[in-house]
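With the hints as extra help, turn the sequences into a complete structure.
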Amino acid sequence: MGVEVAINTYRPKEPYKGKALSNVPLIVETSPNDVRHVTLDLSEGSLRYIEGQSIGILPPGLDANGKPHKLRLYSIASSRLGDNGDAKTVSVCVKRVVYKHPETGEEVRGVASNFICNLKPGDEVMITGPVGKTFLLPEDPTANLILIATGTGIAPFRAFLRHIYDELPTPWLGKVLLFFGMQKSEDYLYEEELAEYTKKGDFEIITAISREQTNAQGGKMYVQHRIAEHVDRLWSMIQAGNTYTFICGLRGMEDGIDAAFSAAASEKGITWSEYQYQLKQNDFWHVETY
83 MGVEVAINTY RPKEPYKGKA LSNVPLIVET SPNDVRHVTL DLSEGSLRYI EGQSIGILPP
143 GLDANGKPHK LRLYSIASSR LGDNGDAKTV SVCVKRVVYK HPETGEEVRG VASNFICNLK
203 PGDEVMITGP VGKTFLLPED PTANLILIAT GTGIAPFRAF LRHIYDELPT PWLGKVLLFF
263 GMQKSEDYLY EEELAEYTKK GDFEIITAIS REQTNAQGGK MYVQHRIAEH VDRLWSMIQA
323 GNTYTFICGL RGMEDGIDAA FSAAASEKGI TWSEYQYQLK QNDFWHVETY
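If you count by my numbering, then the sequence shown holds residues 83 to 372, one letter each, in order.
Don't read these hints as lab results, they were simulated from the structure.
From the three backbone atoms N, C-alpha and C, an ideal C-beta is built for every residue, glycine too.
Take the hints with a grain of salt, since some may be wrong.
Said to hold, decoys possible - Derived DEER-like restraints, expressed as beta-carbon distance ranges:
#1 A322 / Y372: 29 to 35 Å
#2 G338 / L250: 30 to 36 Å
#3 G148 / H183: 34 to 40 Å
#4 I288 / L144: 40 to 46 Å
#5 T186 / K149: 36 to 42 Å
To be verified - The calculated lysine-lysine pairs, modelled on DSS-like cross-linking and capped at a C-alpha distance of 27 Å, are:
#6 K266 / K182
#7 K202 / K281
#8 K101 / K170
#9 K95 / K170
#10 K170 / K149
Here it is, written out as structure tokens:
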């Protein structure tokens with residue numbers, strides 16, 4: 083750690099011309115969802131990143147108004163050394179966006195996500211970035227980490243875990259808790275890889291599988307319900323200090339997470355919104371939702 087954080091080495095007007103190295107489906111074909119782990123070659127340029135940053139992808143072609151397609155940002159799913167360990171690649175975790183238009187009923191396909199999910203080895207990809215200098219790991223290997231993700235929001239946490247358990251000269255000593263929300267068991271991204279890390283450190287995974295599990299009220303089990311179940315332990319970790327919370331994925335989980343912590347805080351006579359503000363000010367609370 084202690085590295086300089088690069089920002090916007092490549093900008094939209096002068097992107098890096100990379101190419102796809104691999105495109106691996108992360109979900110079984112029978113699932114209605116299509117999520118890909120795509121690795122891009124950086125060997126011809128100077129794009130260097132660290133865990134928690136994002137890159138921009140510029141899809142080729144023009145939109146309906148004859149203008150270039152807008153850049154889309156994606157959280158980086160690989161550690162700073164890349165999946166090959168040579169710091170010459172970057173990987174992203176992308177879900178193919180396909181939905182019915184609410185008014186016309188026509189099928190709409192997300193331009194950037196479909197471009198990335200369709201990439202074949204050797205295809206050219208225009209890349210910008212890296213961006214982001216706040217959603218970053220602490221440098222203290224004794225720090226505790228609370229990681230909360232839904233779906234492809236797991237991407238930066240895969241990067242975190244690869245770095246702290248595979249690359250650091252001394253293993254990460256702090257407690258690491260991952261809360262991971264998904265629709266079905268078949269949507270469990272990087273399942274085998276994540277399970278391996280439970281053998282390498284004080285790392286625990288708690289899943290919320292909305293269409294297969296029920297919460298205490300009998301409804302679907304979302305990640306915020308798991309937070310509520312474990313909130314006493316989490317609150318103790320946060321109050322003890324040296325605990326960093328990272329939230330990545332769907333914005334819809336934030337209210338439920340706040341409600342759980344608000345209830346725990348009020349039992350101690352503490353106003354959660356004020357306490358959370360202090361956590362944010364001191365870099366202990368990080369959110370990237372969409």
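Hint check results:
1. A322 and Y372 have their C-beta atoms about 31 Å apart, which keeps the hinted 29 to 35 Å range intact.
2. At about 33 Å, the beta-carbon gap between G338 and L250 stays in the expected band of 30 to 36 Å.
3. Taken as a hint, the range 34 to 40 Å is violated for the pair G148 and H183, whose Cβ atoms sit roughly 21 Å apart.
4. Between I288 and L144 the beta carbons are some 45 Å apart, a value that agrees with the proposed interval 40 to 46 Å.
5. Separated by about 22 Å at the C-beta atoms, T186 and K149 break the suggested range of 36 to 42 Å.
6. Annotation: proposed proximity of K266 to K182 holds, straight-line Cα distance about 21 Å (limit 27 Å).
7. Under the criterion of a C-alpha separation no larger than 27 Å, the hint pairing K202 with K281 is inconsistent with the structure, at around 34 Å.
8. Of the supplied pair hints, the one linking K101 and K170 holds, its CA atoms being roughly 12 Å apart against a limit of 27 Å.
9. At most 27 Å may separate the alpha-carbon atoms for a hinted pair to count; K95 and K170 meet this at roughly 22 Å.
10. For the suggested pair K170 and K149, the alpha carbons sit about 32 Å apart, so the restraint of at most 27 Å is broken.
In this structure, the hints that do not hold are numbers 3, 5, 7, 10, in rising order.
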